[in-house]
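As given, the protein sequences belong to chains A and B, one line each in that order.
Quick note: the first sequence, position 219, residue 219 per the working numbering, numbers continuous.
If you want the working numbering, it's the 1-based position in the second sequence plus 1000.
If you're looking for bench data, these hints aren't it; they were derived computationally from the structure.
Careful: at least some of the hints might be erroneous.
[Stated by the list, open to error] Heads up, simulated DSS-like pairs for lysine-lysine below, C-alpha to C-alpha not over 30 Å straight-line:
(1) 1555/B x 1583/B
(2) 1138/B x 154/A
(3) 321/A x 1429/B
(4) 201/A x 1133/B
(5) 1427/B x 310/A
(6) 1269/B x 39/A
(7) 1133/B x 47/A
(8) 1174/B x 1159/B
(9) 1747/B x 92/A
Bear in mind that the values here come from a model prediction, so they are computed numbers and not experimental data.
What follows is each chain in one-letter form.
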Amino acid sequence: MIQFQFERASTVKASVNAMVNNGNARFIAGGTNLVDLMKRNVMTPTKLVDINAVPLKDIQQKNGVISIGALALNSQVADNKIIQEKYPLLSKALNAGASAQIRNMATVGGNIMQRTRCSYFYDTTLPCNKRQPGSGCGALDGLNRMHAIFGTSKDCIAVHPSDMCVALVALDATVVVAGPKGERRIPFEEFHRLPGSQPAKDNTLQNNEMIISVEIPDNEFNKNAHYFKVRDRASYAFALISVAAALNMDGKVIKEARLAMGGVAHKPWRLKEAEKSLVGKQATEEVFKQAAEIAMQGAKAYKYNAFKLKLGPNVIVEALKNAAGLV
Amino acid sequence: MDDTFFDKKDYKPLDRVDGRMKVTGAARYSAEYTLPNLAYGVLVGSTIAKGTIRSIDSKAAERAPGVIAVISHQNVIEVPGYQPDATQSTEPKVGGGPLRVFYDNKVYSNDQPIAIVVASSLEKAQYGASLVKVQYNKEEHITDFEANAGKAVVAAAAKKNPKSPTADYDRGQKDAFQTAPFKVEAEYVLPTEMHNPMELQAITAHWEADDKLTIYDKVQGTKTTQKTFAKEWAIPDQNVKVIATFVGGAFGNGLHSWPHESAAIIAAKQVKRPVKLVLTREQMFTMVGYRPRTWQKIQMGATKDGKLVAINHNSIGQTSVYEEFTESTLAQTRMMYASPSVSTRYRLLPLNVATPIWMRGPGEATGAFALESAMDEMAHAIGMDPIEFRILNYTESDPDKNMPWSTKFLRECYEEGKKRIGWENRKLKPGLLRDGEWLVGYGMGTGTFGANRGPATIHAELNKDGNLVMHCAITDIGPGTATAMVQIASNTTGIATEKIVFHLGSSEFPNAGLQGGSSTVNSVGPAVQAACNALKQQLITMAAGKNASAFGSAKPEDIMLDQGNMQITGNMSAKLALGDLLKQNNVEKIETTQESKASENGKQYSMNAFSMHFAMVHVHPLTGQVRVKKIVCCADAGTIVSPKTAESQMIGGATGGIGMALMEDAVMDHRFGRYVTKDFGDYHVPVHADVPDIDVYFVNKPDLLADPVGSKGLGEIAIIGVAPAIANAVFNATGKRVRELPITPDKLI
Ligand SMILES: Cc1cc2nc3c(=O)[nH]c(=O)nc-3n(C[C@H](O)[C@H](O)[C@H](O)COP(=O)(O)OP(=O)(O)OC[C@H]3O[C@@H](n4cnc5c(N)ncnc54)[C@H](O)[C@@H]3O)c2cc1C
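Looking at chain A on its own, in the form it has when it is part of the complex:
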């Protein structure tokens, strides 16, 4: 870890101001990701702006949306009554992530901003274009069992590791951010980006912008929602593949569907074509299998993650079956 300045801010404005003129400053919230990365010199900010005192912990229902403060804790959101009743998908996704201790520290903003767990990113002696642009992608011809199958580039095949974000992208959330020029709203699907030739950029947030909240519009998905996560142990492991599935059903008929995958791309991976294929159909395993097939179109495997091509559709089917109450 290198030496750094530490500043506490207690308003959004002060937080944003503290970032001005320092491209190497970072916000710190729960610290569960940033501190680990700093200890290994993967991230070397010269200034930390502690935003924990900014009053952004509330979860509020407003007209047609629920607004979750950027500093709301992962555990707080998962346990929130309104979230559990109206957005169970989010609650389930959050509880599938990390451990109780980490969820008690981790914030919504930090979770969205958490960085990839790619081993090459984490070891400063190995090549990684995300950490050190131009050094090459260690994973491309390396140990890529955990890596992406969608939207990869020759420069990066890392995945975004969040569970929460998979639910948020499925639920059409919006990220509300504040910057020197005021607020702007970013649809969740456009928040994270694909690596392309600039894998160092995880998302579209500017360095001097701060996430202040996430909004989810009201929906009819609360009765038939499931988050299915396959990992290497029963708990406390990142997803090999996860699927968020939410259905709005009229009896056995699917009126609306939401599907997103985790552990497969540089961003939480929304499956819109597959969703469309479900609309108006009966909720049957056969229909789910067809949707899974559509979902997997364009997937591309590397040396050690070919199993994801087979696991992916299975998890989609399982998630949908669970959402539809077929198991």
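Could you slot chain B with the ligand onto chain A? The hints should help.
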């Protein structure tokens, strides 16, 4: 057997005598000693796997705030005990010796410690270490086991000792496998596994005088460590004091002395201040040993009615290029089953990796994965129940050594385990049982480990408050050694456990070997008994003497000890508290030092502990997830002196076995010779959600040929056989045989 040496009173479950200290933080571990003027060391590891260091630029580090010194081969003081190159193996061949840290500019493995930064605080040392710039002349390394398996050689250990499990072994007919009616031929791979105890390896080194060293060190043997560093610094043994009062788990990685220990000692000497060095979790993967990746091949032949005719078992293990490490992977294959023909071949592959070291159930746990999987494969091939198949090939004496067993109660384990796991629910054909969406399977695996007893000495004193205080150099890496010894002492003397204290973990105390190889209770326990019996004798003499008012006329043979009192046999009213006896005699305390070691008489027997593990698993057919739903562990470990901590040992072993079967895997990128899984985020061990109800059964019959306590050791058999039990259960559930551990979801879909 002299009956006075074995008290048949049952041992009762007792809470850990140091449990309160551990949970309240009062127990002090190696990293928790603070000394005046203490400095902190951080190691810099190499970033290449083979080559030489061209230069180390430490200027920036030296200028950094608080940095006291940067020590490397460029400026290190002389370490008198380092052997010159001529006697050290430096090319891919076996033999050799431990890495001589900072000895020269050679790099043999990635993350080899090449410098230590010493500073006034940990953070300053860490920052300093990040500033050290190293230039290398890189050479081509070999770390890829599969690609280089053909280069494996016969171990030097095999040449030295033809009876070693590493030596080539043949009994019976050479071609027995070829002509067998039923054949199983299969290869099994166990990946590299890391000990990863909760406590990081830590040492605080303090030169109290120019030739007097004290180290607070996380080790499994205080006396062996003392010898190692006395030799390294060419000073007498007694000038080195090793303190390891508490050890937060080790699983074997404290059985060897490692470069970081030498580095801290060198640094302390060089900066003339005590130096504390705590490894990082990542360094735990590269600097303190591991269970070596091992390839095995088994050819097994049997008749159609289930009689084994041949087992050929080959294995290749890996070691470093500078130091040979071997283990007894093939030992059990020679003695476990009544196969008339058995051949074993052990080979070793030196690679540009650090030296491995014994990890819980060393060798045997690796070997058992292959042997017990093959047994299951054969039972399946014949269409026979795997327990029935094992019982048909049960050995009533050791077919390798040609000796009777001292004791063997494995049949009892089969019988009890079967009942407890619900074996009757198992289907012979795989893939038939379901619970909702999940496939259900049952499996079992056997374990065995030698009951190895070494010499140990106890100093015991009884004071006039009636307290019994003992001292021994043995360490306790977690099994609850002090608790077990207090129970043995209480059982021998009748003194209440609350009045007994067992001090351990210092080289200043009387001799004991390493805590390893399941040998503590059966080595130190008998010394405790001997010391207690000697004290008893002194007390009886005293009680029969003139100053003991209560027993003035009693004969020594009529006097006995019971519940902290002297008594006369047959006269329960005549009682004298032990402390009062001392007071009446005007003695502060009585004391004794007793050594105990294996008797000649035991040498005619093959002495082994045995275990039997049963697993019931659920496997999700679409996602390949495995959930272990129940484990039953049955152990024939002789007398169980501390039922509570013994049960915990078994639970811990089974948990380790779940990790071995389903998740543990240290993965290396061979392009760089570096591990890519090097923290608990990537290297998975079981979490609570992975660990089901673990039901433990002990046969609990004393083996008085093994030692007077009757114990055969437990730590190793707790894990040996668990991984194959789970792998066999997965096969029973799915019909899929996974021969390369761990069994992750991708291997089952
Ligand atoms: C062992 C382990 C296991 C884990 N397992 C999982 C898992 O299974 N699934 C999963 O989803 N996650 C998992 N996590 C990740 C965890 O969810 C994240 O670490 C956590 O959500 C980060 O939140 P934080 O508040 O601690 O962020 P911090 O560490 O404080 O910050 C992370 C990043 O976000 C930025 N940041 C924080 N708040 C804001 C804001 N308001 N605006 C702009 N930028 C901001 C920081 O500058 C920093 O770059 C795991 C973490 C660990 C350590």
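Consistency of the hints with the structure:
1. 1555/B x 1583/B: This hinted pair holds, its Cα atoms lying about 21 Å apart.
2. 1138/B x 154/A: The given pair, whose Cα atoms are some 27 Å apart, holds under the 30 Å limit.
3. 321/A x 1429/B: 29 Å, holds
4. 201/A x 1133/B: 28 Å, holds
5. 1427/B x 310/A: This hinted pair holds, its Cα atoms lying about 29 Å apart.
6. 1269/B x 39/A: 29 Å, holds
7. 1133/B x 47/A: 24 Å, holds
8. 1174/B x 1159/B: OK: residue 1174/B and residue 1159/B at ~22 Å, within 30 Å.
9. 1747/B x 92/A: The given pair, whose Cα atoms are some 27 Å apart, holds under the 30 Å limit.
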